[in-house]
Structures are given as structure tokens and as C-alpha cells.
Amino acid sequence: MARRAGAPEVNAGSMADIAFLLLIFFLVTTTIETDAGLDRMLPPMEPPENMEDVVIKQKNIFQVNINKNGQLLADEELTDLKSLRAKAMAFLDNGGDGSCNYCKGKKNPESSDNPTKAIISLKNDRETKYGTYITVQNELVGAYNDLRNREAQRLYGRKFTDMEAEYLNPETAQSVKDDLKEKVKKIQDLFPQKLSEAETSTAN
Amino acid sequence: MSKFSKKKSGELPPVSTASLPDIVFMLLFFFMTVTVMKDSSLKVENVLPNANEVKKLEKKDRVIYIYVGKPTQEFQKVFGTEPKIQLNDKFANPSEVGDYILAERAKKSQELQNVLTTALKVDKNANMGLISDIKQELRKVNALKVNYTTYEGDAFRNLQ
Chain S
1 MARRAGAPEV NAGSMADIAF LLLIFFLVTT TIETDAGLDR MLPPMEPPEN
51 MEDVVIKQKN IFQVNINKNG QLLADEELTD LKSLRAKAMA FLDNGGDGSC
101 NYCKGKKNPE SSDNPTKAII SLKNDRETKY GTYITVQNEL VGAYNDLRNR
151 EAQRLYGRKF TDMEAEYLNP ETAQSVKDDL KEKVKKIQDL FPQKLSEAET
201 STAN
Chain Z
1 MSKFSKKKSG ELPPVSTASL PDIVFMLLFF FMTVTVMKDS SLKVENVLPN
51 ANEVKKLEKK DRVIYIYVGK PTQEFQKVFG TEPKIQLNDK FANPSEVGDY
101 ILAERAKKSQ ELQNVLTTAL KVDKNANMGL ISDIKQELRK VNALKVNYTT
151 YEGDAFRNLQ
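Residue numbers (our numbering), protein chains in the order written: chain S, 1 to 204; chain Z, 1 to 160.
These are computed hints drawn from the structure, not numbers from a lab.
Note that CB positions come from ideal geometry on N, CA and C, so glycine has one too.
Hints should not be assumed to be uniformly reliable.
Okay, the calculated bits of chain Z under chain S, using three or more residues with CB under 8 Å as the criterion [said to hold, decoys possible]:
1) 75 to 82
2) 88 to 102
3) 109 to 115
4) 121 to 128
Pairs of lysine-lysine, DSSO-like flavour, derived with a Cα cap of 30 Å [unchecked claim]:
5) Z/121 with S/82
6) S/181 with Z/108
7) S/104 with S/181
8) S/117 with Z/55
9) S/82 with Z/140
10) S/194 with Z/77
11) Z/70 with S/185
12) Z/145 with Z/77
13) S/185 with S/117
14) S/194 with Z/56
15) Z/70 with Z/145
16) S/104 with Z/55
17) Z/56 with S/159
18) Z/121 with Z/77
19) Z/70 with S/181
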């Protein structure tokens with residue numbers, strides 16, 4: 001007696017296999033993008049109008065030169081890349097004229113007056129390797145971040161980099177963002193990032 | 001007594017695999033949604049440098065990519081081994097960067113046009129001369145926000 005009631009069931013046992021096949025295809029083609037990097041602002045081509053020539057004292061400039069062999073001249077001394085961060089921090093944190101009440105530097109009158117006046121100037125050769133350049137950039141940004149972290153830790157009890165990341169994250173709620181915006185701004189004003197890049201030199 | 005003796009049957013019941021397809025489908029959908037198909041194939045070597053003070057590049061629709069590096073093996077006969085710029089699918093000179101940025105900017109919607117970032121994906125063995133030429137071009141078209149795209153890692157590994 002053949003049963004007629006109802007259509008015969010389709011065997012779904014191979015469904016898993018098909019799904020596995022697709023899964024493996026997507027697994028192989030997926031590249032979870034690693035897009036992260038160092039953010040920089042380029043200076044505008046034309047200087048804003050009504051800008052007068054500003055005289056900057058030599059002691060407020062921290063000159064970093066990279067030559068084509070990747071050697072580093074920081075403040076007129078040959079410097080190892082590993083000690084650049086400490087040197088840059090010492091320069092920024094100096095507080096030479098005593099007007100900076102949060103600085104913990106040596107208050108050396110020969111070095112920068114105030115973090116808001118301190119400028120780091122970076123100059124590189126046309127033959128400099130990009131990798132070296134990024135390392136130097138990374139160290140300089142790191143110097144700023146370390147100092148900002150220290151101040152954020154003191155004022156708000158958390159790291160500046162975390163605060164900034166949370167502020168920039170589009171998933172953060174608006175109310176939290178408004179709160180963070182002020183704090184981030186305040187810390188940024190304590191140690192403003194003044195990193196100037198001279199045009200590359202062709203001479204060695 | 002017979003109630004208890006039932007439990008003692010030595011064989012384990014087989015594990016039901018009925019939910020296996022569901023699990024696999026779940027994974028499948030996950031990977032389907034996160035997959036991004038590459039829109040342009042790389043014609044240059046592109047080993048990015050490492051850095052650890054990085055910021056994430058959010059929102060892909062606000063980014064314009066510029067690739068720089070040595071042409072790959074198959075293009076070296078024609079284009080040589082000097083680092084080149086790749087815009088979309090073709091090699092370009094530094095002077096073409098400005099036009100490319102303007103063209104890409106025009107493609108984006110009005111409200112995004114002022115918040116665009118230029119991501120420079122540069123091979124770590126490229127030299128800075130080319131990069132500063134690009135930077136000059138970017139300044140000319142007022143695309144001032146740049147991101148030097150890097151891998152996350154120890155920056156000192158770049159030197160080796």
C-alpha cells in the first residue's frame with residue numbers, strides 16, 4: 001500500500017554541506033580591513049589673510065631633521081630614534097617661563113617657554129624612507145599623547161586616547177559625546193599639537 | 001525496578017545534528033555582511049609601515065585612497081622599479097593627483113564634500129620625495145585632511 005497523503009519529504013541533510021561551501025567561500029574572500037593610521041592636517045596653501053609674520057623664538061622650536069640614511073638630528077644633536085620621544089616630551093613639558101602650572105619639566109630657560117608656544121618642526125630629505133618618516137611621526141604623536149594622557153589621568157582619571165576614541169566613535173550616544181567634547185578640547189588646549197613640516201630638501 | 005534499569009542502557013543517544021545548518025547559516029550571514037569586495041586591484045607593492053599611535057578610519061564613504069609603491073613584478077618591465085602612484089586602477093604622475101581628488105570629491109554627495117579624508121597607503125620602502133609631491137598637490141586642491149594608513153604594531157620594526 002503506497003501512501004498517497006502528502007508530498008514526500010525533501011531530504012534536507014545536504015543543506016549543511018551547501019551552507020558550509022558558501023561559508024568557506026566567504027571566509028576566504030573576507031579581508032577585515034585594517035584601516036587605521038596617523039591623522040595629519042596639511043597646512044593650507046595660502047596663508048590666511050591678515051596674518052602677520054610671527055616671530056618665534058628659537059628656543060621654542062624643536063627641530064627634527066631626518067637625512068637620507070634615516071639618521072636623526074633633534075635639536076642639533078644626533079639622536080637615536082628610540083630616545084626621540086623622551087626628548088620631545090622633555091621639550092614640550094619644559095615650561096621655561098614658569099607660566100605653565102601643570103608642567104613637570106625641568107624649567108630650563110634654554111628650552112621651550114610653555115607647551116602652547118612649543119613647536120616641533122620636522123624636516124626630511126627626498127631620499128628618506130617612508131617607513132622612517134612614519135616612525136618619527138609616530139614618536140612625535142606619541143610624545144603628545146603621553147603628555148595628554150598624563151593630564152587627562154590627573155583631571156578626569158582616564159586616558160586621553162580612550163576619551164578621544166570614544167568621542168570619535170559614531171556609536172557613542174550624543175549626550176556622552178557632548179560631555180566628552182569639552183574634556184577632549186580642554187586637554188588638547190593644554191598641549192596643542194603644533195607640528196610643522198618644512199618642505200623637503202634635495203641637498204644632503 | 002524496571003524504571004531504573006532503563007537508565008543503565010550502555011549506549012549514548014546520538015547527538016542531534018538538526019541544528020547544524022542553522023549554526024552554519026548564522027556564520028554564513030555574518031561573513032556575508034562583513035565581506036567587502038575589493039574594488040580595485042593593487043598594481044603596486046603595498047607593505048604598509050607599522051605605527052602604534054593610530055586612529056581608526058571610520059566611515060569608508062568619506063575616504064579617498066591613494067596607493068604608492070613599487071610596481072609589482074608583472075608591471076616592472078613596463079613601468080620600472082621606481083615607486084609609482086596608483087589612482088583607482090592605473091598608474092599616475094604626481095601632477096594628476098589633484099585632478100583625481102577633485103573628480104572623486106565631485107562624486108560624493110554635497111554634505112560629505114567638506115569632510116573627506118585622503119588615505120595615503122604608501123609602501124614603507126617608498127621615498128619621501130614622491131610623498132611630498134603628493135602632499136603639495138593635495139594642498140593645491142585644499143584636501144588637507146590626510147591619514148597615513150599603517151598597520152598597528154611596533155613602529156621600530158619599520159627600520160629593519
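Hint check results:
Coverage of the segment 75 to 82 of chain Z by chain S is violated. Counting CB-CB distances below 8 Å, 0 residues qualify, and the rule asks for three or more. Here's how the segment 88 to 102 of chain Z fares: 0 of its residues keep a CB closer than 8 Å to some CB of chain S, so the rule of at least three is not met and the hint is violated. Evaluation of the coverage hint for the segment 109 to 115 of chain Z: breached, as 0 residues show C-beta separations to chain S shorter than 8 Å, against a requirement of three. For a cut-off of 8 Å, the count of residues in the segment 121 to 128 of chain Z with a CB near a CB of chain S stands at 7, and the three-residue condition holds.
Restraint check for residue 121 of chain Z and residue 82 of chain S: the C-alpha separation of about 25 Å stays at or below 30 Å, so the hint holds. Between the alpha carbons of residue 181 of chain S and residue 108 of chain Z the distance comes to roughly 28 Å, so the proposed pair stays at or under 30 Å and holds. Our distance criterion of 30 Å between C-alpha atoms is met by residue 104 of chain S and residue 181 of chain S, whose separation comes to about 26 Å. The straight-line distance between the Cα atoms of residue 117 of chain S and residue 55 of chain Z is roughly 25 Å, inside the 30 Å bound, and the hint therefore holds.
In summary, the hint linking residue 82 of chain S to residue 140 of chain Z is not supported, as the alpha carbons are separated by about 35 Å, beyond the 30 Å threshold. As the CA atoms of residue 194 of chain S and residue 77 of chain Z are separated by approximately 44 Å, the hinted pair breaks the 30 Å bound. For the proposed pair residue 70 of chain Z and residue 185 of chain S, the alpha carbon gap of about 41 Å is over 30 Å, so the pair is violated. Taking the CA atoms of residue 145 of chain Z and residue 77 of chain Z, the gap is about 35 Å. The hint is violated against a cut of 30 Å.
For the suggested pair residue 185 of chain S and residue 117 of chain S, the alpha carbons sit about 17 Å apart, so the restraint of at most 30 Å is met. For the suggested pair residue 194 of chain S and residue 56 of chain Z, the alpha carbons sit about 21 Å apart, so the restraint of at most 30 Å is met. At most 30 Å may separate the alpha-carbon atoms for a hinted pair to count; residue 70 of chain Z and residue 145 of chain Z meet this at roughly 25 Å. Taken as a hint, the residue 104 of chain S and residue 55 of chain Z pair is honoured in the structure, with Cα atoms around 27 Å apart against an allowance of 30 Å.
As the CA atoms of residue 56 of chain Z and residue 159 of chain S are separated by approximately 17 Å, the hinted pair is consistent with the 30 Å bound. Note on residue 121 of chain Z and residue 77 of chain Z: the hinted pairing holds, with a Cα-Cα distance of about 23 Å set against a maximum of 30 Å. For the given pair, residue 70 of chain Z sits about 42 Å from residue 181 of chain S by alpha-carbon distance, which is inconsistent with the 30 Å threshold.
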